[in-house]
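Chains S, Z and C, in that order, are what the protein sequence lines are.
Residue numbers for the first sequence follow my numbering, beginning at 1 and rising by one.
Residue numbers for the second sequence follow my numbering, beginning at 124 and rising by one.
Residue numbers for the third sequence follow my numbering, beginning at 271 and rising by one.
Keep in mind the hints are simulated off the structure, nothing from the lab.
Among the hints, a few may not be true.
[Stated by the list, open to error] Taking lysine-lysine pairs in the DSSO-like style, the calculated list, with each CA pair at most 30 angstroms apart, reads:
(1) S:Lys34 / S:Lys120
(2) C:Lys272 / S:Lys120
(3) C:Lys272 / S:Lys34
[Said to hold, decoys possible] Where chain C lies over chain Z, by a calculated footprint (3+ residues, C-beta under 8 angstroms):
(4) 157-163
(5) 167-181
(6) 196-202
(7) 214-227
(8) 243-249
For every residue, glycine included, the Cβ atom is placed at its ideal position computed from N, Cα and C.
The residues making up each chain are set out below.
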Amino acid sequence: MTGTWVAWLHYWLTGGLLLVGLYGMLAAPHLVRKLMGMNIMQTSIIIFFLGLAAKTDATLPIVPTDDPAPAAAAYINPLPHALMLTAIVVGVSTSGVALALILRIHRHFGTLDERDLLSKLRE
Amino acid sequence: MKQPFGSAVLEAAARLLAPFVLLFAAYVVSHGHSSPGGGFQGGVLFAAGLLLVKLTRGDPSQWEIGPRAALVLACSGVLLFAGIGLLPLAWGGSYLDYDAPPLFADPVAERVLGTVGIEVGVALAVAGIILLVFDALAGWGEPERSA
Amino acid sequence: MKATAFALTLVAAAVFIHASSALPAFGTADAPASAHVSPRYIERGYEETGAHNLVTAVLADYRGYDTLGETTVIFTAGLAALLIIGAGAAWSWEGRPR
């Protein structure tokens with residue numbers, strides 16, 4: 001598989017997903033849509049990291065009892081999995097804080113559209 | 124949640140599913156060291172099982188963890204984690220060095236115990252925080268309606 | 271505004287395509303990410319921590335301090351959400367379900 005363009009397809013797809021999220025954050029005028037763009041970017045970064053953990057012909061990082069001397073090439077890298085597990089939970093809690101802020105903005109200004117918010121802030 | 128949006132179908136499904144979701148959460152937390160799973164996943168499952176009932180039945184369900192109890196749950200989870208980390212200091216170990224206390228002869232058994240304790244702490248904290256954030260976003264949104 | 275956003279996205283896309291050529295091919299066993307500490311985790315993990323699941327061994331044992339900080343982060347985020355919603359509203363613990 002190495003040497004062909006297929007070996008880099010994973011990076012292009014996750015990069016494309018990141019660009020979708022980036023464009024959503026930049027172009028969407030609605031704050032909830034910006035938050036959705038941010039979550040898409042987070043997801044793409046998580047998939048990118050999990051792809052770095054992959055090894056050809058390796059299995060899940062769970063060592064059975066009957067394998068006394070596990071070889072590093074036989075199990076995929078557990079480190080990105082542990083890091084991304086925490087990243088997912090942090091992403092959930094940052095989404096919670098962002099939604100709370102959005103709720104407060106809507107309660108105060110009555111709108112979530114960026115252009116209306118800017119014109120109301122200038123008054 | 125003041126108004127539930129449950130129908131007969133949703134309520135029957137939630138009634139059937141919720142106990143199994145909670146049981147599976149306990150399984151995922153307790154087997155986190157020997158199979159896929161762990162504190163984060165189990166805590167999220169536990170919160171999801173409770174939120175399923177809360178969403179379908181609303182306030183009258185009388186079968187939920189309120190915001191005050193959720194806050195206590197989250198605090199106790201973080202304190203359990205930090206407390207397990209502090210315990211080895213009394214026997215001259217470093218922070219989070221589980222095999223310093225002379226509980227068992229086998230240091231690996233002590234590390235398993237410390238790992239499971241930390242997973243439980245993480246699960247409590249995650250479940251409490253998710254219930255708390257849900258309550259904050261869903262229940263307290265409109266100050267005019269809730270006196 | 272949409273045109274500016276699209277142009278910026280195209281610039282980012284060009285940077286990604288240029289950078290992806292330097293990354294290791296998918297599934298390379300001796301990639302830099304799998305070369306430094308990861309072999310030690312896989313080869314000695316079960317023996318040293320007693321956890322079959324190496325992700326748990328890394329999360330709760332080798333990098334337990336990381337996980338403590340991360341639990342504190344979500345705890346703080348939950349409290350922040352609570353205070354952002356609660357502040358300004360006429361809200362109190364009284365009359366709330368326990």
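Hint numbers not upheld by this structure, sorted from lowest to highest: 5
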